[in-house]
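Trainee: Spelled out, the chains give:
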Amino acid sequence: MDYWPRSLFPASEVRWFLAHRTIQGGIPVELGPRTSGTSGGGLWVCEMSGIWLRKREQIMAARALDAIMDGGLTSMVVGSCESRFARWAAPTEPVPHSDGSPFSDESFYAGASATGTVTADAALRATTLYIDLPEGVSPDVYVISINHPIKGQRRYQIARVGDAGEVTIRPPLREAATIGTEVDFSTGACVMKLANAVDFFAAIQMGRFSNLSPTFVEAF
Amino acid sequence: MLPEQAAIMSATGAPRFSVFILLVAASGPIRAWLGPGDYELPADDIDTTGGTYLGIGMVGDVPALRQLVGGVAERIEFSLNGADETTFALADADADDVRNAQVQVGVVFFDEDWQAVAPVAWLWEGVADTPAIDRSGAGGQITRRVTLSVGSAFTDRTRPQLAFYTPPDQKRRSPTDTFCDRVPAYTVDSTIQFPGPD
Chain A
978 MDYWPRSLFP ASEVRWFLAH RTIQGGIPVE LGPRTSGTSG GGLWVCEMSG IWLRKREQIM
1038 AARALDAIMD GGLTSMVVGS CESRFARWAA PTEPVPHSDG SPFSDESFYA GASATGTVTA
1098 DAALRATTLY IDLPEGVSPD VYVISINHPI KGQRRYQIAR VGDAGEVTIR PPLREAATIG
1158 TEVDFSTGAC VMKLANAVDF FAAIQMGRFS NLSPTFVEAF
Chain B
16 MLPEQAAIMS ATGAPRFSVF ILLVAASGPI RAWLGPGDYE LPADDIDTTG GTYLGIGMVG
76 DVPALRQLVG GVAERIEFSL NGADETTFAL ADADADDVRN AQVQVGVVFF DEDWQAVAPV
136 AWLWEGVADT PAIDRSGAGG QITRRVTLSV GSAFTDRTRP QLAFYTPPDQ KRRSPTDTFC
196 DRVPAYTVDS TIQFPGPD
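If you read the sequences in order, they're chains A and B. To convert, take the position in the first sequence, counting from 1, and add 977; that gives our numbering. To convert, take the position in the second sequence, counting from 1, and add 15; that gives our numbering.
Please note that a few of the clues may not be correct.
[Claimed, not checked] Listed below are several chain B residues computed to face chain A (Cβ distance under 8 Å; list not exhaustive):
id	residue
1	P30
2	F32
3	G50
4	D112
5	N115
6	Q130
7	Y201
No lab work stands behind these hints: they were computed from the structure. Beta carbons are placed, not taken as given, at the ideal position from N, Cα and C, and that holds for glycine.
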């Protein structure tokens, strides 16, 4: 499956959120308004804007991506740079020195182990996970992603941290996870589809400049 | 509704729930629920084998359901906007597969962690008609929609419907029965004479 090329298309504004559907059933006299949620835990939506296309290769890649995505029919893995928040996690792309050069052995900077592992089996739609973090890393409310065997990359937000590696996640697990399943803290990746295929690619101005503002929704 | 689910509903105010639909087509059951992703339901009295309910996301809508109490047997329509190719194939090529299939609509209540707090409560049963497909919209945004008309168990074109408990209706079904003869006297429009006629 293709990946959305985040480094080629840096977005100035990125908004990830879980879309819910709620129903409000009037205002009873004694209780105040009541809201009910019927969305089963929500669906990931990613809105990007301010992706300025200034280079030849950006325009060409954007055109190719537009063709690949087939008006929103083709799924794609969309991620976010979570190593900015989980600083110990390895960056998703090689990091050179400030002048762009690598070390003398051609290697780049790397963080600690980017992945944790699931330490107890979790059923489909579970919201409690037990995760083993790399040594020395403190538990926190990170964004994680799991590459499921059938559903592919799925993104989860740790909402609450408990004891002994217990975390509460949203949305519920898209597929059961077994002991030893790797948990990625760097990419926040999720299989998604383009929702605004008609207008995500702005007109090319003066034959050179354009911008992208794609909105992705989680795909199944 | 089942007492267990009714108790949960009144205790929690039902802040989290979702709707499940089971369509028993000729070629096998079709299971769907109004949420994202898969959902496993165990076997019960209605869905005797249990199985994976396919999430049809948040685009589906279920109309208000009513139980038949002294009214006309209702026919409702389930609509699915922006359905995918699989759904259209089912609605188009396999229409005969769906016609006359039994449709069950149930609800599951969730706790704060989106875990089911009770088994599914099957609330409504109907019989499916042939699904219909239509397209609407203009320009680049065209919405395709699959509609499935489902009649409740009391819907039957070959049988006169007993709509009201009036003497003519009752006489049409059982000519000699006088059970409903005094019903008109109970309406707000009736005038009760006092003292009564001799």
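Trainee: Using 8 Å as the Cβ threshold, decide whether B/G50 counts as touching chain A.
Mentor: holds (3 Å)
Trainee: The hint names B/N115 as touching chain A; please verify it with the least Cβ-Cβ distance against 8 Å.
Mentor: violated (29 Å)
Trainee: Mind checking the CB of B/Y201 against every CB in chain A and telling me if the closest is under 8 Å?
Mentor: Result: violated, 31 Å to nearest chain A Cβ.
Trainee: Does the closest beta carbon of chain A sit nearer than 8 Å to the beta carbon of B/F32?
Mentor: Holds - the Cβ of B/F32 comes within 8 Å of chain A, reaching about 6 Å at its closest.
Trainee: Have a go at the B/Q130 hint: is there a Cβ in chain A nearer than 8 Å to its own Cβ?
Mentor: At 7 Å from the nearest chain A Cβ, B/Q130 passes the 8 Å test, so the hint holds.
Trainee: Quick check on B/P30 please, does its C-beta sit within 8 Å of some C-beta on chain A?
Mentor: holds (5 Å)
Trainee: With 8 Å as the cut and Cβ atoms as the points, is B/D112 at the interface with chain A?
Mentor: violated (23 Å)
Violation of the numbered hints given earlier is confined to hints 4, 5 and 7; the remaining hints are satisfied by the structure.
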